[in-house]
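Keeping their order, the protein sequence lines are chains W and E.
Quick note on numbering: our numbering labels position 177 of the first sequence as 177, and the sequence is numbered without any gaps.
Counting from 1 along the second sequence, just add 1000 to a position and that's the residue number in our numbering.
Treat the hints with care, since some could be wrong.
[Said to hold, decoys possible] Here are the simulated lysine-lysine pairs, PhoX-like style, with alpha carbons at most 25 Å apart:
1) E/K1074 to W/K276
2) W/K171 to W/K71
3) W/K325 to W/K230
4) W/K6 to W/K296
5) E/K1038 to W/K325
6) W/K5 to W/K60
7) E/K1004 to W/K230
8) W/K249 to E/K1063
9) W/K276 to E/K1035
10) E/K1002 to W/K249
11) E/K1004 to W/K320
12) W/K276 to E/K1004
13) W/K248 to E/K1074
14) E/K1074 to W/K249
15) E/K1074 to W/K230
16) W/K325 to E/K1004
17) W/K230 to E/K1076
18) W/K248 to E/K1047
19) W/K34 to W/K296
20) E/K1076 to W/K142
For the record, the hints were derived by calculation from the structure and aren't laboratory data.
Keep in mind that this is a model prediction, so the values were computed, not measured.
Chain by chain, the residues:
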Amino acid sequence: MPPRKKINIAVTGLNAIDSPGPGVPVIRALKESKAFDVRIIGLAYETLEPGIYMHDLVDKTYQVPLPSAGKASLLARLKYIHSREKIDVIIPNFDAELFNFIKLADTLKKEMNIKSFLPTVEQFEERHKPNLPEFGKKHKIKVPKSKMIFSVSDIPSLSKEFTYPLVVKGKFYDASVAYTPEQVATYFNKISGKWGLPIIIQQFMYGQEVNVTAIGDGRGNCIGAVPMRKQYITDKGKAWSGISIDDKKLLAMTSKLMKSTKWKGGMELEIIKTNKEEYYLIEINPRFPAWVYLAKGCGQNHPEALVRLALGEKVKPWSKYDIGKMFVRYSYDLIVELKEFEKISTLGEL
Amino acid sequence: MKLKRNIAHSDSGFVFDPNTGDSFSTNPIGTEIIKLLKEGKDTEQIKEAIVKVYLVDDATFEKDYYDFITMLSKLKLTEDAAKEKN
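Excised from the complex, chain W in its bound form (with noise of 0.2 Å):
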């Protein structure tokens, strides 16, 4: 076997909490890499994201400005990282930091050889929740009926559209199933208040929730994908268990979108079946979910294709992985000397 190529990955998502970021299973997907030998530089936006204390996976860590800094800070925080560090590649996980990775995309190349593989803009904001409706008509997939709302006056008219059960979900983040114009309200206020306007109303399907994690290179390939059934969802509506099913229809609704949005990097689909096996998509997720890990379980280290697809490398697309595979999630307590959360509390790195 060639020995594996050094390589130094910046990664986002250390937050292993009850609403897990992506990044602690990136890692693990790439420590396991049998093409790359990496040394994980941590990105953290807080100083108690588990991710920066779990020193087995992530070699150092850096705090770097929210996204509401802006691009600039963001640029500034990473020319000094990389004038540490020496970033390679760089794997951002959030929804809400997306969009300045995305614009820094060809800066961070070009100034200082930093490669990531990222949607396009145009990609990242037609999959909008706002803009789902619309997404669905171009690429010609079935999505539930929605709207945007941005004042709690909005909410009495929705019984003339829709039918109770709603979702409400915010622009990045959270959602929640309304019974009444009165939940309806709670949630816009909870919900708008953590997250901004506008509030997305869905109708809600009944059926069952289905998700997948892809790849896609860019040109409309689907390098990998794996479907998944949530088994254990938290109160949070997050997968604490799930497993891999052999789902062709679902397959082939990846493949489509893909190839129809020339999809590039990682998604997460979200969909329901329902009972007459009609499949509606109500989320894309433009990046890993946080259960990737499941996919390097199954036989394809989506993580990895990433960063080979990042350094310009051809990689094949995978054609199978392991059906009824299992990840069970579990909590760990790690005990963290006081030095270390001073270290970073104070200096911005550890």
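Chain W is already provided as a structure; the job is to place chain E on it using the hints.
Just chain E, lined up with the frame of chain W:
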């Protein structure tokens, strides 16, 4: 009545539907019936095989057998149930 071809089952009574990710467990007689169904045996052949080994009369077997088959169909583990869905 035919079981869906890709249904996986084991001697421990564990049944797995790879299309949906659903899993079930059956008692030893259920396991035996599923095994016979997978071998393509029809109702008469299954009855013969079960009645030969267990102390059960034809009428009781038939009642319990159809209950079991109905349950398999409801759980969408049979070909006809899969066709109905489409």
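Structure versus earlier hints, numbers of those that do not hold, lowest first:
8, 9, 18
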